[in-house]
Amino acid sequence: MERKELICIGCPMGCMMSVELEQGKVTAVTGNTCKRGDAYARKEVTDPTRIVTSTVKLRGGQYPVVSVKTSKDIPKDMIEACMKALKETEAKAPVEIGDVIVENVAGTGADVVATKTVL
Amino acid sequence: MKYDVMIIGAGVVGCAAARELSRYSLKIGVLEKEEDVCCGTSKANSGIVHAGFDAESGTLKAELNVEGNRILGELSRELDFPFYRNGSLVLCFREEDRPKLTELLRRGQTNGVKELRIIEKEELQKLEPMVSDEAVAALYAPDGGIVCPFGMTIALAENACQNGADFFFDKAVTNIEHTGRETGMGRYRIRAGEDVFEADYVVNAAGVYADVFHNMVSETKIHITPRRGSYCLLDKSRPSLVSHTVFQLPGAYGKGVLVTPTVHGNLMVGPTALDVEEKEGTNTTREELKELTQKAKKSIPGLPMNQVITSFAGLRAHEDGGEFIIGEVLDAKGFIDCAGIESPGLTSAPAIGKKVARLIAGQLHLTERKDFVPERKGILNPAMLKETDRSRLIQERPAYGTIVCRCEMITEGEIIDAINRPLGAKSLDGVKRRTRAGMGRCQSGFCSPRVMEILSRERKVPMEEITKSGGDSGVITGRNKDRL
Amino acid sequence: METYDIVVIGGGPAGLAAALSAKRKGVSRIIILERDRELGGILNQCIHNGFGLHTFQEELTGPEYAARFAAEVKREGIAFLLDTMVTDISPDKIVTAMNSREGLFHISAKAVILAMGCRERPRGALNIPGYRPAGIYSAGTAQRLVNIEGYMPGREVVILGSGDIGLIMARRMTLEGAKVKVVAELMPYSGGLKRNIVQCLEDYKIPLKLSHTVVDIQGKERVRGVTLAKVDQDRNPIPGTEETYSCDTLLLSCGLVPENELSRGIGVFMNPVTSGPVVNGRFQTSVAGVFACGNVLHVHDLVDFVSQEAAGAGESAAEYVLCGCSFKKEGADFQVKAQGGVRYTVPSSICSDGVRQQQTIRFRVGDVYKNHFIAVYLNGKRLIHKKRQIMAPGEMEELNFDMNWLSPYPDGGEIIVTLEEA
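Protein chains in written order, with the working numbering: chain A, 29 to 147; chain B, -15 to 468; chain C, 3 to 424.
Calculated from the structure, these hints are not laboratory results. Because the structure is a prediction, the values reported are computed rather than measured. Using N, Cα and C, we set each Cβ at its ideal position, and we do this for glycine too. Check each hint, because a few of them may be wrong.
Not everything, but these chain B residues come out facing chain C in the computed CB check (under 7 Å) [unchecked claim]:
(1) Tyr8
(2) Ser116
(3) Ser375
(4) Gly429
Beta-carbon label-pair distances, calculated as ranges [claimed, not checked]:
(5) Gln359(C) <-> Lys110(B): 31 to 41 Å
(6) Glu245(C) <-> Glu118(A): 37 to 47 Å
(7) Lys370(B) <-> Glu116(A): 29 to 39 Å
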């Protein structure tokens, strides 16, 4: 049996939760005050994911960079690979909100899209 | 390079000397170790134009203070920098201290300070309503004033430059050799790293470093202690809470601090006095900042110290003798000291400049140039224009319609002017000292990226090379992800 | 001189939402004056996600959230001027502004909505001793440099202040290739959201030191090190606990201050706790026809609440304009007072008007409170008694006050918002 400790991010309570795992499967969550904590804990210990937001270089634009995000959350351990991919990326102005800048970034299945329109 | 006069230090004294010397047909150089004028003691002081009652009668300090105060009005009009006679008050908190107040009055009168008088509590409260109830009387000097120390130094420097003086920045003098010693001549070789300059006269206006240079050429050693003074600057308030410069009579609580409005409408509190070893020791400490608050509240109990927007420290060049050392060094012909210039140094600077110039011109039997230009125009402040004139200015030069520093309401036009004029700003601090952009309540939080852009564009240097204050004070370290 | 029904000062989230709601209430001549190059205000540099959950039921980044409102403003045909600085507002609502195209100009307004936002507290206000080298930035300045200009302000970073901007910047700087060594927080608790502590610090193994502050800054030209020390209960550094971090950058995220220089110029009464204007339930300041909303009124944590609040201010301004510069059905006034752990309330007074059914009261607490009740008394009678598991200074609280409760009191009175132990 494996045990992981984590803080709930659902609200300012910040419950200290303890998750028990059996062969990678959650068997128990304790320390949470509400259901949200339980759900968060189960996801966070088995499949932690994050939306990544950053900038990419922009050629010929009003600003030298344009802000971007992943179109959906990606595995936490892929963040670094995602950033490395963005380092090599250069967009060309004009860019519209929602434009796909990188498809399937670092093989995560998520696209990187512009979050700002820059002329 | 050969100069008639080489001035070491582009602080207020060096610049005043350069300006006064430029009245004569002399090849003048100014060597400054920093990237700009007004980077040492001149940039971090009280900005006070002392009336002249503080220095002991008969001293150079007393003489030059009173003369400096007398000529500052005209100088500020000639050179277009802000100076006001707001009057100063020395508060007396205890009946038993009255003799000290009387002593100051007498001393001031002997020194030639005009209109000096002691006022009683009632009049004091009328003059300065925020003043402490504990103050029983005060010495009132209507001639006391305030000046912008940057404005004054930069004005002197620009005018000297206009009249032909050469300024060299980032040139720290490493050695001075009296090459004319054997022949009894004023002939010097000055090294600043790789650069070598020759000069007949050297004016030593090096502030806290003046002892180092003096001691390179003279057997009579002097010693300067950097005496640190910390200050707090408060946000502007309308109307100003304090209108006079309020000093404290030294008392049981030690040497007091002053509370004064600045020429730009802020309030300033300071200085502390702490002797330090380090000639660059301009750091503030928690203890000194705490001391400031306590002492300032003694004068003005209602001082809103939660309105402090910045604190800083400067170093006064205190020579062991406690007196200005101004004049030719006895065993080094042509080497002119301006050493130990602590308070009232800023007030005295114009007079010091004249004294140095008279000395050199006298020795060389020079008369003033006919083509000397005594006037200099400061950076145009559009806020001072009538509305119609301001609109016309913006029409002609749209940059005057774009506010860059929202706290001080400084336009892009003023910043461009500051960068492109003679001896123009090269850094964020250079822009700040010339225009006040970044000097307001947000302390450059909003405007620094914009000012950097303007600096980069006008000076045609990449953003990465923009500094806060020259040297290794780069503001940004690279581009996003460049180290990934 | 041009005349507008409503002049909105500031085109950030508050100004945009206020203008939109006023327009939708039927006011036609509205203009937004924005000092920056584009609409959206500070949201444009907040490129992280987490905005809009309340407003749009989806998670957006700051620029996306701003763009939605800006698009609506354009679709509604609301006028706006960019790069335009308001320099003065007179008590009779003549707005003086300036830009490089029109020069200095005046606009006469029937109503003015103050939506200038806030600024960061600078180093000086924090009394941090030490040298004054390059490399000390407010977190927001760094955020602008990185997110809009694409420049790194430093390589090795110490952050003072664990408010959300500080936490977000810890992650941004790390992702962009800087090493964030530590985040120090003066208080014994963080002012930021738990989510940000986990996802901005713990994800990147950045230590958070609570009850710590900066006691020295080293380096004369560029920052070379920062010394932290633990503080005691009175927030004074404890000698012997100093620890020096070598770094080239210090980011300060130590609180926001509403930007009310223009408001003071008009002469509106200010609340010393919020540093924002005193407003009534209609977001009207002490000067009739001058309204305030968003961070200029009190600093918010979530932009969604700014938008909500600003919409309320916009509606009120519209009502004022449409009623011929007054309000119909003025009822009795009730002062709203903050007591017992509640630092302030917005509004400071409410007035029954027979129209509005609900009045939102927003407030902040002064400390961390666990298992406490929020209690609301109207003329001594307790009307609300609501248990909260946790309340913290970093999280704005909200109450819905039923306006019908006011009807038994034609002479007005006072409403007290307080905390009570369980």
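- Restraint check, 7 Å cut-off on beta carbons, for Gly429(B) near chain C: holds, 4 Å
- Message: If I claimed the Cβ atoms of Lys370(B) and Glu116(A) lie 29 to 39 Å apart, would that claim hold in this structure?
- Response: Since the Cβ atoms of Lys370(B) and Glu116(A) sit about 56 Å apart, the hinted range of 29 to 39 Å is violated.
- Does the Cβ-Cβ separation between Gln359(C) and Lys110(B) fall within 31 to 41 Å? violated, 56 Å
- Item | Satisfaction of the Ser375(B) interface hint, Cβ to chain C closer than 7 Å | Holds - the Cβ of Ser375(B) comes within 7 Å of chain C, reaching about 4 Å at its closest.
- Message: Let's test the interface hint: is any C-beta of chain C closer than 7 Å to that of Tyr8(B)?
- Response: Since chain C brings no Cβ nearer than about 37 Å to Tyr8(B), farther than 7 Å, the hint is violated.
- Item | 37 to 47 Å as the expected CB spacing between Glu118(A) and Glu245(C), which holds or is violated | holds, 41 Å
- Task: Return the status of the interface hint for Ser116(B): holds when the least beta-carbon distance to chain C is below 7 Å, violated otherwise.
- Result: It is violated, given that the least Cβ distance between Ser116(B) and chain C is near 23 Å, above 7 Å.
The structure is inconsistent with the numbered hints 1, 2, 5 and 7, although it conforms to all the rest.
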